[in-house]
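Enquirer: Sequence:
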Amino acid sequence: MLREEERQQRYFFEEVRPVGEVKSELYPEPECFQMSFMGLLLMYPEVLESVLSRSPSAELGRAQRRVLSRCNALDLSGLAFQVTWGREMWLLAGAASGDGPGAVAAAAGYAVDDAAVARLLAFNHDTTVAYRQDGRPYPSATSGFGSDYRILDPGDATALADAAVAVDRDGAQGLLRMWGAIRALSFLMEAETREGLMQHGPYPLDGDGRRQLIVCECKDLRWSHFPGFPIPGARWELSSNPFPYGDVALALVLEDVSMTADRFGTLYVEPWSEDNVVAASLMTRGEDEWAPGELQPLDVADARELGEHCDEIQAEMFLQLAGWSLEQRTVAGYCQKMRFPGRFLTAAGGDRAEVDAFVERSWAMSAAVWGDRFEKIPSADSMPFYGKLGEFIAGDRQHLFTPFADG
Numbered sequence: 000m001l002r003e004e005e006r007q008q009r010y011f012f013e014e015v016r017p018v019g020e021v022k023s024e025l026y027p028e029p030e031c032f033q034m035s036f037m038g039l040l041l042m043y044p045e046v047l048e049s050v051l052s053r054s055p056s057a058e059l060g061r062a063q064r065r066v067l068s069r070c071n072a073l074d075l076s077g078l079a080f081q082v083t084w085g086r087e088m089w090l091l092a093g094a095a096s097g098d099g100p101g102a103v104a105a106a107a108g109y110a111v112d113d114a115a116v117a118r119l120l121a122f123n124h125d126t127t128v129a130y131r132q133d134g135r136p137y138p139s140a141t142s143g144f145g146s147d148y149r150i151l152d153p154g155d156a157t158a159l160a161d162a163a164v165a166v167d168r169d170g171a172q173g174l175l176r177m178w179g180a181i182r183a184l185s186f187l188m189e190a191e192t193r194e195g196l197m198q199h200g201p202y203p204l205d206g207d208g209r210r211q212l213i214v215c216e217c218k219d220l221r222w223s224h225f226p227g228f229p230i231p232g233a234r235w236e237l238s239s240n241p242f243p244y245g246d247v248a249l250a251l252v253l254e255d256v257s258m259t260a261d262r263f264g265t266l267y268v269e270p271w272s273e274d275n276v277v278a279a280s281l282m283t284r285g286e287d288e289w290a291p292g293e294l295q296p297l298d299v300a301d302a303r304e305l306g307e308h309c310d311e312i313q314a315e316m317f318l319q320l321a322g323w324s325l326e327q328r329t330v331a332g333y334c335q336k337m338r339f340p341g342r343f344l345t346a347a348g349g350d351r352a353e354v355d356a357f358v359e360r361s362w363a364m365s366a367a368v369w370g371d372r373f374e375k376i377p378s379a380d381s382m383p384f385y386g387k388l389g390e391f392i393a394g395d396r397q398h399l400f401t402p403f404a405d406g
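Numbering (numbering that gives the first Met the number 0), first residue to last: 0 to 406.
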């Protein structure tokens, strides 16, 4: 599994990453990733124990086959990146790795070894193959792109398409603009990553393949943990006019388009145009971005107004972030990523109180590992993993990940 993940990551960086989101300098990406992946690896074994005590991997994966599930393709692929990168970062740190064969990390009362990392990869594999309709761990065995990322049963997809309402060109334009505004806002708040975003499909709706259903989802639009982030000398202030829903899904019936999918549940649709939108529906599971909630319909006529609301919130939040120092922006990105394992807890039935308690433990771990004011933010010369990654992508290094210890 480690070698297959390594190969899939090469595909991702060679094929998918070059066409991904354009990043700014707001969140220092290497520093945020270095800190968060090392911190997350310390926390994941206890999360996995809690999850598996309630649900086997395959059962958990099947339970997420629905619109706006608490755990989705982004979380599953994100877990694989986080644990493999975090492990390699700790190993390259040398003295901090711990003692004994297969030791990876030991800090702040937490310890991780290769056996724990192997269990996390096995969980990721088993959950993903149960989550995807085709029973594969990746969209393709030979490329970063596959033909689809389908999770819904065909009958559920058909019912979703039947519930969509016909839209004219102006209505379709408002829906696509809304989705663009949601993407931009989520990208900013998720430390300029796609952690809140997913698309799934295409689901064929007729025999000749002209009409297909896709579902675009954003599951993190309230950020209730953000004001508590321990950012030195700063705190997030949420909008006084918040987005009315914690998550939103947009189902689109498209005609005469082609598409591919990556491992994170992003669909690349050609052409992406209002002229190809036949019908649509909007849905949410309510205000709390962490609660399971019942799926409820929204009025597609409200799409343009919702998009404008997103633009207003983004401007407000951008100005806060842009005024912070490099250290403050780095810590903001780190704190955002430390909430990531909470998605697995809620997927397994954990409630909001359990997620909040996990977040508090992660802050305590962070203070112990990185210092009360995160004074150990890594510099470029103390992040050898990225040099290794660059050599791997360039083809100058055969392997990115150190083999597991024997035994």
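Keep in mind that the hints were calculated from the coordinates and are not lab data. Just so it is clear, the structure is predicted and the values come from calculations on it, not from any experiment. There may be inaccurate statements among the hints.
[Said to hold, decoys possible] In the DSBU-like style, the derived pairs of lysine-lysine whose C-alpha atoms are separated by at most 35 Å in a straight line are:
(1) K22 <-> K387
(2) K375 <-> K387
(3) K22 <-> K375
Enquirer: Does each hint fit the structure? Answer for all of them.
Expert: Hints, one by one, checked against the model:
Proposed proximity of K22 and K387 is supported: the alpha carbons are some 22 Å apart, at most 35 Å. As the CA atoms of K375 and K387 are separated by approximately 21 Å, the hinted pair is consistent with the 35 Å bound. Taking the CA atoms of K22 and K375, the gap is about 24 Å. The hint holds against a cut of 35 Å.
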